[in-house]
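Novice: We have chain A already, so just place chain B on it with the hints.
Number of protein chains: 2
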Amino acid sequence: MRETFHEELDTIIGQQLQMATLVKDAIEKATTALLNVDLNLAENVIQDDDAIDVIHHNLDDRVIDLMARQQPVASDLRALVSALRISADLERMGDLAHHLAKLARMRYPNSAVPPELVDVISSMGSAASRITEKMAVVIEFKDTTRALEIEKDDDEMDQLQRKLIGALVHPDWVHGVETSVDMAFASRYFERFSDHAVSIAQRVYYMATGEFAKN
Amino acid sequence: MRETFHEELDTIIGQQLQMATLVKDAIEKATTALLNVDLNLAENVIQDDDAIDVIHHNLDDRVIDLMARQQPVASDLRALVSALRISADLERMGDLAHHLAKLARMRYPNSAVPPELVDVISSMGSAASRITEKMAVVIEFKDTTRALEIEKDDDEMDQLQRKLIGALVHPDWVHGVETSVDMAFASRYFERFSDHAVSIAQRVYYMATGEFAKN
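Just so you know, the protein sequences line up as chains A and B, in that order.
Reminder that position 143 of the first sequence reads as 163 in the numbering used here, one-by-one numbering, no gaps.
Reminder that position 112 of the second sequence reads as 132 in the numbering used here, one-by-one numbering, no gaps.
Just so you know, the hints here were simulated from the structure itself, not pulled from any lab data.
One or more of the hints may lead you astray.
The list treats identical chains as interchangeable, and a pair is accepted whether it falls inside one copy or across any two copies.
Unchecked claim - PhoX-like, lysine-lysine: derived pairs with alpha carbons at most 25 Å apart:
hint	residue 1	residue 2
1	Lys172	Lys122
2	Lys183	Lys122
3	Lys183	Lys44
4	Lys162	Lys44
5	Lys172	Lys162
6	Lys154	Lys183
7	Lys172	Lys44
8	Lys154	Lys44
9	Lys154	Lys172
10	Lys122	Lys44
11	Lys172	Lys183
Chain A on its own, in the form it takes in the complex (with noise of 0.2 Å):
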C-alpha cells in the first residue's frame, strides 16, 4: 500500500515534470516571437497551451483520485495538496507565455518590441527560463539549495521590471503610448510568471525541511 503510494506520487512528479518542459518551452518561444516577430512561433506557443491544460486536468484528477482511493494523511496528504497548489501554478505559468505570444501575434507584421527593449526583453526572457529549469530541479529532486536560489533570480527579474517600466517612462521614450502600454504589460506577464515559479519553489522547500523559506 505505502510503496503504491509513493509509486504513485512519482508519476504525478513525472506529470509536472512534464508541465515544466513544456511550460519551458513556451516561455522560451514567447521571447524569440516577440523578439523574432515570428508569427508561427507565437502561434505555436498558443496552441500548445491546449496541451498544458491537458495535463493539468489530468494531473488534478489523478491527485484527487489518490486522495480518495488512498486517503492519505500527515505529510502524504500535505504532498498531494501541495500537488494540486504545484499544478495550478504551472497551468498559470503556461498561461503567461501564451499571453506573451498573443501580444508577438497582435502586433505582426510590427514588432512588438522597440529596439530599445530588445536587451531588457531578451534578459527577461534568460531569466525566465533560467528559473523554470531550476525550478523542475527543485521539482524533481526536492532541491532545497535551487528552491531558495530561485528566490535570488526572481530579485532579478523585478529589478529587470524595474529596469523596463524606467525606460518606458523616461523622457527620452519616442514610441508613444501603445507600446509602452504592450511593453508594460509584457512585463508584467515575465513577472508573474517567475512569481509562480517562486511558489512552487517554496512549497517544495517546505515540505522538504517543514520550514518555510527566509525571503
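Specialist: Chain B only, in chain A's frame:
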C-alpha cells in the same frame, strides 16, 4: 459522522464568506482611494490584506485537517478540494485590491487617475464590487443562476478594460506614458480580480450541478 462533516463544511463556507466580505470591502476602498486620492484609505486596504491572508491560511488548515480526519470520498472530497481553490482565488482577489491601493499610495498626493478616466475606473470599481457581492451569494446559497450572471458581468469588465486601454492609446491622450502605464496596470488588476470571481462561480456551479458552466 456525516452530520459533523457537513457542519464543518458550513464553517468553511462561513470563512469563505468572511473572506468575500473583506475582499469586497478592499476593492471598494481601493477604488475610492484611487478616485479620491485618499492616502489613509489606501493604507487601510494595504494593512487589511494581512487579515485576508490569515483567514486564508486558517481556512486551508481547516480543510486539510478535515480531509485527514474524515477521509472523504466522491463529492465530499471534491467539495474540499474546491474549497482550497476558492480560498486561493479569494486570497488573490485581496492581493489585487492591495495592488490598486499601492498604486494610489505611490502617486499620492497626486492622483493616479486622470480626469478623463475617472468614469471608467469608477465603473470598474462598481463592477468589481457587484461581482464580489454576487459571488458571495453564489458561495452562500450555491446560486447557479447568479453564477452564470457573473460571467456576463465579467464580460462587462472586459469591455471596460478595452475602453480604458482605448483611451490610453487614443491620439488625444495628453497624460504621458507614466500615467498610461499606471492605468493599464490598474485595469489589469480589476480585470484579474473579476476573473477570480468568475473562477469561484464556475467551481460552485460545477459542485452544484456536476456540469461545467457554458461560456
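Novice: Hint by hint, say whether it matches the structure.
Specialist: Quick rundown of the hints versus the structure:
1. Lys172 to Lys122: Between copies only: 23 Å across, 29 Å inside.
2. Lys183 to Lys122: Both, since 23 Å and 19 Å are each at most 25 Å.
3. Lys183 to Lys44: The answer is within: 23 Å in one copy meets 25 Å, while 34 Å across copies does not.
4. Lys162 to Lys44: Intra 19 Å, inter 38 Å, cutoff 25 Å: intra-copy only.
5. Lys172 to Lys162: within (18 Å within a copy, 43 Å between copies)
6. Lys154 to Lys183: within (24 Å within a copy, 40 Å between copies)
7. Lys172 to Lys44: Answer is within; shortest intra-copy Cα gap is 19 Å, inter-copy 34 Å.
8. Lys154 to Lys44: Intra 10 Å, inter 38 Å, cutoff 25 Å: intra-copy only.
9. Lys154 to Lys172: within (12 Å within a copy, 40 Å between copies)
10. Lys122 to Lys44: So Lys122 and Lys44 pass the 25 Å test inside one copy only (17 Å; across, 31 Å).
11. Lys172 to Lys183: Within. Shortest intra-copy distance 17 Å satisfies the 25 Å Cα cut-off; inter-copy 38 Å does not.
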